[in-house]
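So you can see what is in the structure, the chains are spelled out below.
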Amino acid sequence: MGKALGVRHAALALVIGLAAIRPAPAQERPDAPDTLVQETVSGVGVSYWGFIPPAEDSSLAVLSNRRMPVWESILVYPYRVIAFPFRLLADGVGATVEFAAENPTLRRLFAFKPRAFVVTPDFGISTQSGTSVGVLFRHSALLAPGNELRLRLSTSTQGDQRLTLGLRFPVSAHGLLTIGGGLRDRANTRFFGVGPDAVATDESLFRTRSAWAGAAYRQTPLPNVSLEGTVLLSRISTDEPGGDFRPSIVDQFAGRLPSGFGTGTTGISAGVTLTHEDAPTTGRPAHGGIRRVRASHFWGTSDDETRFWSFRAEAQQFFRLWFPANVLALRAVVAWLEPVGDRDIPFQRLTTNDDPDLLRGYQDFRWRDRGLVAFSAEYRWPIWAFSSPDSHGLDFYLLGDIGQVFDEFDSMTDDLTVSYGAGIRVLISNDFVVRFEYARSDERGMWRLQAKQVFQFTRGLFHGRDPAPER
Amino acid sequence: MGATRLPNARWRPGALVAAVAILAAAGYADPPLRDAPIIWHVDDRRDIPPPAPRDPHGLRAGIDAMFFRPTGRMFNPARWVRRVGTLFGGDHVAHASNVNSLDEVPNSSWFTNRIGLFRVSPGEAARGPLTSLGPDRSGQWTVVRAKTEGVTPGFNIRDARGDVYVIKFDPPGHLGMATGAGVISGRILHTIGYNVPEDRVVHFDRDQLVVGSDVTITPPDGPPRPMTEQDLDDILSRVERSANDRWRALASKFLSGTPIGPFDWRGRRKDDPNDRIDHEDRRELRGLRMFAAWICHFDTKQGNTLDMYVDEGGRRFVRHYLIDFASTLGAGALGPVATHCLEYDSDVGMTIGRALALGLWEDPWRRIERPDGLAEIGYFETDAFYPMAFKPLQPNSAFANMTDRDGYWAAKIISAFTDEHLEAIVATGSYPSPEAAEWIVRALGIRRDAIARYFFDRVAPLDFFTTDDGVLRFHDLGVERGIYSAATTLYRARAAAVTRERVRSGWTSWLSLDDTLVNLSATNSLVAPPGGDTGRYPFLAVEVQASRQGRWSESVVVYLSRSSWRVVELSR
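Residue numbers (the numbering used here), protein chains in the order written: chain A, 1 to 471; chain B, 1 to 572.
Errors might be hidden in some of the hints.
[Claimed, not checked] What follows is a set of in silico ranges between Cβ atoms, one per label pair, in the way DEER data are often shown:
1. Pro226(B) with Phe86(A): 18 to 26 Å
2. Asp234(B) with Ser387(A): 35 to 43 Å
3. Ala528(B) with Arg66(A): 53 to 61 Å
4. Phe323(A) with Gly89(B): 56 to 64 Å
5. Pro145(A) with Asp234(B): 17 to 25 Å
6. Ile402(A) with Thr218(B): 37 to 45 Å
7. Asp245(B) with Phe86(A): 52 to 60 Å
8. Arg66(A) with Gly314(B): 53 to 61 Å
9. Gly89(B) with Tyr420(A): 45 to 53 Å
10. Tyr420(A) with Pro53(B): 55 to 63 Å
11. Ala144(A) with Gly139(B): 30 to 38 Å
12. Trp322(A) with Phe75(B): 33 to 41 Å
13. Asp251(A) with Phe75(B): 51 to 59 Å
14. Ser387(A) with Gln549(B): 44 to 52 Å
[Stated by the list, open to error] Sample of chain B residues with no beta-carbon within 10 Å of chain A, all distances over it, derived:
15. Ala36
16. Ala52
17. His57
18. Val211
19. Phe254
20. Ser256
21. Gly261
22. Asn304
23. Thr351
24. Leu374
25. Ala384
26. Met388
27. Asp404
28. Trp439
29. Leu520
30. Ala522
Calculated from the structure, these hints are not laboratory results.
Quantities reported herein were computed from a predicted structural model and do not represent experimental measurements.
The beta-carbon is built from N, C-alpha and C at its ideal position, and this holds for glycine as well.
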């Protein structure tokens, strides 16, 4: 025994002696260290506690879990019984996740691999359209690389049906041609009256049927600057609301129905838009901004021969605040319709707050008139990111909107309304954002769940956005 | 006779909780003292039949670790009571199950005591687990498997000796970051005592590689097909080369034995009879939280562990390994990420907190800066490093059970690493620039001291009590390892005779100590068992405290046999 220990000590001394040889500095050799290797410390020998004998020369122990004290057993065993269903639930969720992740069919369906042709389900909830379901077909290389197609069909529980088609082709290094069109039948569009004096108690409903087709050509002559020309043929007809939607505009506004109700308005509009954009397209812009001015002319082709000019100026600016990802986003919008001749503009083509970023404490279509002014501010800060601070994730934001519709420029600030609230943005990708927000005004509070980019105005024909009323 | 007055009904639940909490704080009825050799080896290497391989689904295991297990811990009433018990000096969970009477972890198939208990030379620490000279360069390395997915591709090679290595590369733009970190952290964890694979940095030319026959590759957009030399060229083309136009990689040698999948951080492997302690109650797994904090090892999911069914000395049993340390020292598989080590992947608490803070509170990770000009260095906090702020990517059942005693055990081992150890270990990472190596050594030193100070402030670092010629000697690790000044440290001790059942005769008065030793003969003579019945009091308890700048520490109580003068137990 003693001899054996002596040999072990000698071996240990040899090991320690060999171990004292320092490897050469890392920069001097490609692969370090390539020295012959000795057994390293193996838990036996002279320790700070004294000599620790090898396992074969010492007492071994079979260690087991500590026994639970009685008081703990009294608490833990009932808890395990109560928690058992939740444990089963957790196991069920886990098994489902595993199945979904490993199932080849589901993997193909939800695969995030970049593919040219993608079919995705379309889902939405809103107070006006109800629950909508649909399908979206997208192709990013139709016939040739760079050609894009977007076809969307959707229907909703509240009678909102939509079919839109968009095609986008690069025609030169700086030119982009867009062709689009669509049909929409909305059974319960809201109407409260025209002008800032319209009262909430006058809420009524009517049906809108829209059809449009057009083309847009965008040229980017300078970095960050684009010029777009648009030609659009559109028809909007109105009628009594569909189904059981009440009160009808006919009943609520008997004897004072708005101009254009009950008839269709058809026409061609041609316009030009100049845009300067220097905000990063990351979904979380923290600097730069977007400025846009637009002018277009509408020629009515139906019997009424309506004509009017449409002007719109808009500016967004993003400011980085005290922390890098805390951002103040500001937006100002002024829109104005100027009739040519003495014909009134049909009410269904008046400017309204159906843009969900305008006057968010009010219902969509709450206000209608020839002009609209709005100023919005959002203070945003990130609360979670998928993989790194710069990646997509969740933002929280506080919002404030001020603005109103108006009939005369002189009175555009006379009846301003105020909205305020908060929300969460879920950034799925650079151009897909889901927002869940609550906004409050002096009239009511509004919850909104939107799968749309913030302060979104760049989406037009290609994305199937209903281009009328004029925006 | 009036009825017994019960406490006011409103107070009864509170009184009950307080009573149970005090009971919880009092802990367990400790077993009787025995004058027996200390347990330094666990008998967990008995011959067993091969356990069934485990292959937990990564996403499912992640969801379980991230949400369900923390929820279970949150609602566990025993943990609530123990939390209240911490107000009375208890721990939030029961003590670790696999410690010996000296509060140390015995050697086992999980852990081998190294630098914590032994003097380890810097060279030995740098050598770590290596048992071979690395991939044999006498012949070509045959690629036997390819990994094409992900930003950092890799492959497996078989060298002329027949050894198989996993070859991994650095993320683009960060040459040396992950490969260096992987090797360095492997050496550190081995020196601590864990079982780890043999990792090393290698450099090679294209001529060194040849694609083996029957190797298939699965391209991102197609079905599996035979791998070609062009595929290998494509993989290598995505990898940054070092200055001498060679490829730099981490070569991780396949472990010996049969892989049977990862171990779970909770529970036991039911078909391994040697696995008798719930993993969340193993001290080396609880304490790993601090080792992981030290080296910023955030990717501690169970997929980065591996059980091997080995045949050693004619016995077949399971040896438990930690693997894959490339995501350490601020490195990440896709490059450095500031939130790593400070937030979970989906940190619900932090998310809610940030929402409520209205963006007025700055996340600590936003203040971490990478050193200028050192692409090898990621986000590795130094001066503001706070050990308890460490979070891995997923909550970890074992980490959640770490007590101050577990943390102290880890801190004791971490503080045993000298700057010389760190320099020798970091040299094995072969960082392209010497400045990067110096930076990492400095950072590891700062983080080491922060961990040591945190736990030495909570648990008196008076340790390694031994007897020699009637003198009880101990080490003040706080002073020896440079955390506290010797000039401002005082010691005192008192003693009592103790029965096997730990009934004390009564303490002597405190004796001031001039040094880290207690004269047992003198102390023992002061202890007078009641009635002079020395037979009933076969043990001597010596309680020792240290004072740093005027405040006495928590006590360390050492039990000695009065017949053999052997240290039989230590209590903190």
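Outcome of range test on Cβ distance (Arg66(A), Gly314(B); 53 to 61 Å):
The hint (53 to 61 Å, Cβ to Cβ) is violated, given that Arg66(A) and Gly314(B) are roughly 32 Å apart.
query = Checking the smallest CB distance to chain A, is Ser256(B) really beyond 10 Å?
reply = Per Cβ check, Ser256(B) is outside 10 Å of chain A; nearest 15 Å; holds.
Range first: 17 to 25 Å. Now tell me if the beta carbons of Pro145(A) and Asp234(B) are that far apart.
holds (22 Å)
(Q) According to the definition I'm using, a residue is off the interface if its beta carbon is farther than 10 Å from all beta carbons of the partner; does Gly261(B) meet that for chain A? (A) holds (15 Å)
Taking the Cβ atom of Ala528(B) and the Cβ atom of Arg66(A), is their distance within the range 53 to 61 Å?
violated (35 Å)
Status of Leu520(B), Cβ more than 10 Å from any chain A Cβ: holds (16 Å)
query = Should the label of Trp439(B) as a non-interface residue stand, given a Cβ cut-off of 10 Å to chain A?
reply = The assertion about Trp439(B) holds, with a minimum of 13 Å to chain A.
Inset, instruction - Classify the label on Ala384(B) as holds or violated, using whether its beta-carbon is more than 10 Å from each beta-carbon of chain A. - result: At about 17 Å from chain A, Ala384(B) clears the 10 Å cut-off, so the statement holds.
Worksheet item: At the C-beta level, are Ile402(A) and Thr218(B) separated by a distance inside 37 to 45 Å?
Response: Given a distance of about 57 Å, which is not inside 37 to 45 Å, the answer is violated.
- Query: Per the hint of 56 to 64 Å, is the separation of the Cβ atoms of Phe323(A) and Gly89(B) within bounds?
  - Reply: For Gly89(B) against Phe323(A), whose Cβ atoms are near 40 Å apart, the range 56 to 64 Å is violated.
* Whether Ala52(B) stays farther than 10 Å from all C-beta atoms of chain A, as the label says -> holds (18 Å)
Non-interface claim for Ala522(B): all C-beta distances to chain A beyond 10 Å?
-> Holds, because the least Cβ-Cβ distance between Ala522(B) and chain A comes to about 22 Å, which exceeds 10 Å.
Consistency with the previously given hints fails for numbers 1, 2, 3, 4, 6, 8, 11, 15, 17 and 23, ordered from lowest to highest.
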